[in-house]
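J.: Chains A and W are the protein sequences, given in the same order.
The numbers in numbering that gives the first Met the number 0 rise by one with no breaks, and the one at position 60 of the first sequence is 59.
The numbers in numbering that gives the first Met the number 0 rise by one with no breaks, and the one at position 6 of the second sequence is 5.
Just so you know, not all the hints are guaranteed correct.
Where chain A lies over chain W, by a calculated footprint (3+ residues, C-beta under 8 angstroms) [claimed, not checked]:
(1) 5-14
(2) 35-44
(3) 48-54
(4) 74-83
No wet-lab data here; the hints were simulated from the structure.
In this text the structure is predicted, and so the values were computed from the model without any measurement.
Glycine included, C-beta positions come from ideal geometry on N, C-alpha and C.
Protein chains: 2
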Amino acid sequence: MTGIERHALVVGVRPEKREEYLELHSAVWPQVEKTLSDCNVTNYSIHIVENMLFAYYEYVGTDHAADMARIAEDEVTREWWTHTDPCQVRIVPETDLGAVWQPLREVWHLA
Amino acid sequence: MTGIERHALVVGVRPEKREEYLELHSAVWPQVEKTLSDCNVTNYSIHIVENMLFAYYEYVGTDHAADMARIAEDEVTREWWTHTDPCQVRIVPETDLGAVWQPLREVWHLA
Numbered sequence: 000m001t002g003i004e005r006h007a008l009v010v011g012v013r014p015e016k017r018e019e020y021l022e023l024h025s026a027v028w029p030q031v032e033k034t035l036s037d038c039n040v041t042n043y044s045i046h047i048v049e050n051m052l053f054a055y056y057e058y059v060g061t062d063h064a065a066d067m068a069r070i071a072e073d074e075v076t077r078e079w080w081t082h083t084d085p086c087q088v089r090i091v092p093e094t095d096l097g098a099v100w101q102p103l104r105e106v107w108h109l110a
Numbered sequence: 000m001t002g003i004e005r006h007a008l009v010v011g012v013r014p015e016k017r018e019e020y021l022e023l024h025s026a027v028w029p030q031v032e033k034t035l036s037d038c039n040v041t042n043y044s045i046h047i048v049e050n051m052l053f054a055y056y057e058y059v060g061t062d063h064a065a066d067m068a069r070i071a072e073d074e075v076t077r078e079w080w081t082h083t084d085p086c087q088v089r090i091v092p093e094t095d096l097g098a099v100w101q102p103l104r105e106v107w108h109l110a
């Protein structure tokens, strides 16, 4: 009940890269997970149906933008993204700042 | 770290019913929320982007199907659904059992 921020995001997966994406996520690199944890990201799950991916995570720090920037500075995470980025494609036309993963807005929460 | 099951679901919202759906969820009926809680559903959030809704919840009971059936037996919840159902439309073509909300499969989780 403290300052947990819930974040939800959606992206498409390229059909020809679907299996590769799943395989990558069957063994996410430990350093990628450590960086997320170090940057106050917790209870993170990614879900798939057809060629659509949804991510949900909880942010327990105090400056989401700063922590996201810290994640993006991690060399191993950047290397990881060179594998995952080609699997993904934007599926929501309207976007902010060119991000591929599109944020959703929370409309309701039950604790 | 006990037996929490994470569930993710997706559905479309009819464009002409989008505002109505948001208004309904600005004040979900207390009995609807109580029934969910009584049936071991927790940390439930619904998110929107464009005309797509994404739901995430955690199930902390021992028989998800039985608890879902209990929810569906609650008269107030059924009445609530007469308001929300017309707002929703299936967006994933393949489906199980005719459900409108489509379940996603978890591909990765970071605690």
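J.: Hint by hint, note whether the structure agrees.
T.: Consistency of the hints with the structure:
For a cut-off of 8 angstroms, the count of residues in the region 5-14 of chain W with a CB near a CB of chain A stands at 3, and the three-residue condition holds. Beta-carbon proximity to chain A at under 8 angstroms applies to 7 residues in the region 35-44 of chain W; the threshold of 3 is reached and the given coverage holds. A stretch counts as covered by a chain when three or more of its residues have a beta carbon under 8 angstroms from one of that chain; for the region 48-54 of chain W and chain A the count is 5, and the coverage holds. Only residues whose C-beta sits within less than 8 angstroms of a C-beta in chain A count toward coverage, and the region 74-83 of chain W has 0 of them, not enough to reach three; the restraint is violated.
Of the numbered hints stated above, the single one contradicted by the structure is hint 4.
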